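Trainee: All letters in the sequence shown, in the order written, are residues 1 to 123 by the UniProt record's numbering.
Hints listed in this document are in silico derivations from the structure and should not be mistaken for laboratory results.
None of these values were measured; they are calculated from a predicted model.
One thing to keep in mind: the hints can contain errors.
[Stated by the list, open to error] Calculated cross-link-like contacts (lysine-lysine; reagent style BS3-like; alpha-carbon spacing at most 27 Å): (1) LYS39 / LYS101; (2) LYS94 / LYS10; (3) LYS64 / LYS94; (4) LYS58 / LYS46; (5) LYS64 / LYS102; (6) LYS49 / LYS39.
[Unchecked claim] Computed Cβ-Cβ distance ranges for the label pairs, DEER-style: (7) TYR54 / ARG90: 17 to 27 Å; (8) ASN25 / ARG82: 27 to 37 Å; (9) SER73 / LYS42: 41 to 51 Å; (10) ASN6 / LYS39: 33 to 43 Å; (11) GLY115 / ASN25: 17 to 27 Å.
Even glycine gets a Cβ: it sits at the ideal position worked out from N, Cα and C.
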Amino acid sequence: MVALLNGFDKLYAIEHARTLKGLSNTLNDLSTKYRMPDKEIKELWKECKQDIEYEHNKKMDSFKNSYNSFVMSSSKNVSAFRSFYRKYVRAWNKGLQKSEKKWNKIFAQRASKYGVASQKQKA
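Full structure from sequences and hints, please.
Mentor: Take a look at the structure:
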């Protein structure tokens, strides 16, 4: 069970990195298109990363007792573990998807404050 949990933690790290890479690309594209100031870009990126981390930690804290229970026990019921890991993996996966959608929307809203890109910039 511990090996599976470790595997899911590694998978989360990969998905987390993929999500941040996608968000970074989106912010970069929008900041170029709308000529956002560097200070705004840095503040927005910092806010994004902190929010994603906060939301993840909050969600995972609700699983902490069960997680630790499975890590410490070698004789836990397999069906209980299966139920737990489904909820655990779905929770962080949905959390990342929700955060990605949320921050793509926030990036677009904040970037649009800097006006519409000219036709030359769009090309």
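Trainee: Decide, hint by hint, whether the structure agrees.
Mentor: Checked hints:
1. LYS39 / LYS101: holds (23 Å)
2. LYS94 / LYS10: holds (16 Å)
3. LYS64 / LYS94: holds (18 Å)
4. LYS58 / LYS46: holds (18 Å)
5. LYS64 / LYS102: The hint holds at about 25 Å.
6. LYS49 / LYS39: This hinted pair holds, its Cα atoms lying about 16 Å apart.
7. TYR54 / ARG90: 17 to 27 Å: holds (19 Å)
8. ASN25 / ARG82: 27 to 37 Å: holds (36 Å)
9. SER73 / LYS42: 41 to 51 Å: holds (45 Å)
10. ASN6 / LYS39: 33 to 43 Å: holds (40 Å)
11. GLY115 / ASN25: 17 to 27 Å: 21 Å Cβ-Cβ, so the 17 to 27 Å window holds.
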